[in-house]
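Asks: Protein sequences appear in the order of chains V and B. Note that this note's numbering has the first sequence beginning at 2, numbered continuously upward. Note that this note's numbering has the second sequence beginning at 2, numbered continuously upward.
Derived from the structure by calculation, the hints contain no laboratory data. Among the clues, some could well be false.
Coverage of chain V stretches by chain B, computed from C-beta distances (three or more under 8 Å per stretch; other residues unrestricted) [unchecked claim]:
1) 46-52
2) 75-86
3) 92-100
All values derive from a computational prediction rather than experimental measurement. Glycine included, C-beta positions come from ideal geometry on N, C-alpha and C.
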Amino acid sequence: MSAPALHAAGLSVPGRLDAVSLDLGPGELVAMVGPNGAGKSTLIQALAGLLPAHGAIHWNGQSLSHIPAAERGRRLAWVGQEAHFEFAFPVREVVAQGRYAWGDDPTGVAEALAELDLTFLADRPATRLSGGERHRVALARALATQAPIQLWDEPVAQLDVRHALEVMRLARRRADGGGTVLVSLHDLRAAYRFDRVLVLDRGRLVGNGGPHEVLTADLIRQVFRVEATFVESLVPELPQD
Amino acid sequence: MRNRLAIPVLVALLVMAFLASLAFGELRLSFSQVVAALGGGSDDIARTVVRDFRLPRALVGMAAGAALGASGVVMQAFFRNPLASPGLLGVSSGGALGAVAVLALGPMLGFASATLWALPAASVLGAFGATGAVLMLAQRGAGTERLLLSGVALNALLGAGTSFLLTTTVGHFEVNAQILFWLMGGLESRSWEHVWMGVPAILAGCLLLLPLGRAMDLLSLGEHSAQSLGVDVRRLRRQLIALSTVLTALATATAGVIGFVGLVVPHILRLAFGPAHRRLLPHSMLGGAAFLLACDLVTRTFPIGLRLGVVTALVGGPFFLWLLRRPR
Chain V
2 MSAPALHAAG LSVPGRLDAV SLDLGPGELV AMVGPNGAGK STLIQALAGL LPAHGAIHWN
62 GQSLSHIPAA ERGRRLAWVG QEAHFEFAFP VREVVAQGRY AWGDDPTGVA EALAELDLTF
122 LADRPATRLS GGERHRVALA RALATQAPIQ LWDEPVAQLD VRHALEVMRL ARRRADGGGT
182 VLVSLHDLRA AYRFDRVLVL DRGRLVGNGG PHEVLTADLI RQVFRVEATF VESLVPELPQ
242 D
Chain B
2 MRNRLAIPVL VALLVMAFLA SLAFGELRLS FSQVVAALGG GSDDIARTVV RDFRLPRALV
62 GMAAGAALGA SGVVMQAFFR NPLASPGLLG VSSGGALGAV AVLALGPMLG FASATLWALP
122 AASVLGAFGA TGAVLMLAQR GAGTERLLLS GVALNALLGA GTSFLLTTTV GHFEVNAQIL
182 FWLMGGLESR SWEHVWMGVP AILAGCLLLL PLGRAMDLLS LGEHSAQSLG VDVRRLRRQL
242 IALSTVLTAL ATATAGVIGF VGLVVPHILR LAFGPAHRRL LPHSMLGGAA FLLACDLVTR
302 TFPIGLRLGV VTALVGGPFF LWLLRRPR
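Just need the whole structure built from these sequences, with the hints factored in.
Replies: Structural data, given as structure tokens:
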């Protein structure tokens, strides 16, 4: 048994995260859900090594504190909830920043642009994009890193239905290719399509398992304080290609 | 295409401004006289004027302009804000207070004769002290917002100190005028001593900055994203603060307080030739040097008491406004 791609033990950030322990394996597509303020972004940032946190974090069995900055950039990609670009870099150059840790070798930049349907926007300044387009640029930059671990914080919240489905498909492909993908979401229905679901509530991990075991009406009532019923409904799908 | 023109155009502007700096003044020289004087030829007067007076003045001006241009780029990337300027963390105010303290208190303490070195030394000390204080106030590894607010507070505090010293010298016309002149920046009577105190270190600072351009691209689009993409953000931020402090401190120490260059030059060049820092840094160094020399020429051409810091704002402001109004 090889080491998990991502391992956290007793991860705490005062006031925001309370002793969270989890393991994410290679090839896993994992959703994280939880109410506003539950600590989803904090957990993702802590796992990515972007926040000072108590507890242990290992990437591929190696303690995070022993991994130098550039190596971190090659192993893990993070996409934040906010995608703001203050300076007018063309979209292509923003995506190419994903290659920084590889000495700016341009491999995969064109593919990443195409995967997020940005090829036609490649020369536009990133400051002149809509919110959804900016998120797609940030996702393309993360894909361009070709890092095996991908942590995406609410990547689809601002996307139209088609691009949201495309992003889910990209996430699935990454996992099928042996990568580890953790995605935070608000859409509980979308979470059902993942291999595993993490539920966060007030800084604590209160659910961790297959979507059908974890996302029960009881847990949803307890965490989100809403009644959930399971019914047939409209399900948009990408056409098969 | 446009990008490839940037360096040749900026170098041409700088060479023109440099030669004009050596040629124009009370004694108007031709360009052939200037070239001859630089090479050791020409008549004694022209040689003295060019080599002992105008050349050090031009070199100090170029270095100060390049330093302020580069430092502006650094601050704008650091704070991810195109409105940031070299003085944001109190470096210029600290430098000003140091220099003003020497000017105001020097005569009292009896070291006025040593002001050639005392003034720049006190200025550099004040500037470093200011940055040190900001870093301490903001604590290690603190966010940019806290750093920014600490800078604002410190700027106010240091400005108050300078104003206080200024008012204590109101009765002493000579000292008061010296302080006012210094606070508005200027390149007159710069000597080779000023060149040696400022130029080599500024050149070194600029050269050390150039390899950081690529990492600055990433930092300018977000601290977290830069770090996640493999930039050692803490280290980069320390390097940037240190280099920007040295550059601004030396520019202030050798040429007085000169506003606007660090804000307007990077901004204009970013609009003209793009935001990539590997190019924007050298562009702003060349552009800052040319701009400051051109402004110094204006102060010399219209000898009505215009100070350099006044001209930089007077020339830069309207041009900047015009640029912002242009449809992009």
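Asks: Confirm or reject each hint.
Replies: Status of each hint after checking the structure:
1. 46-52: This one holds; 4 residues, not fewer than the three required, reach chain B with a Cβ under 8 Å.
2. 75-86: holds (count 7)
3. 92-100: n = 4 at 8 Å, threshold three: holds.
Every hint from the earlier list agrees with this structure, and none is contradicted.
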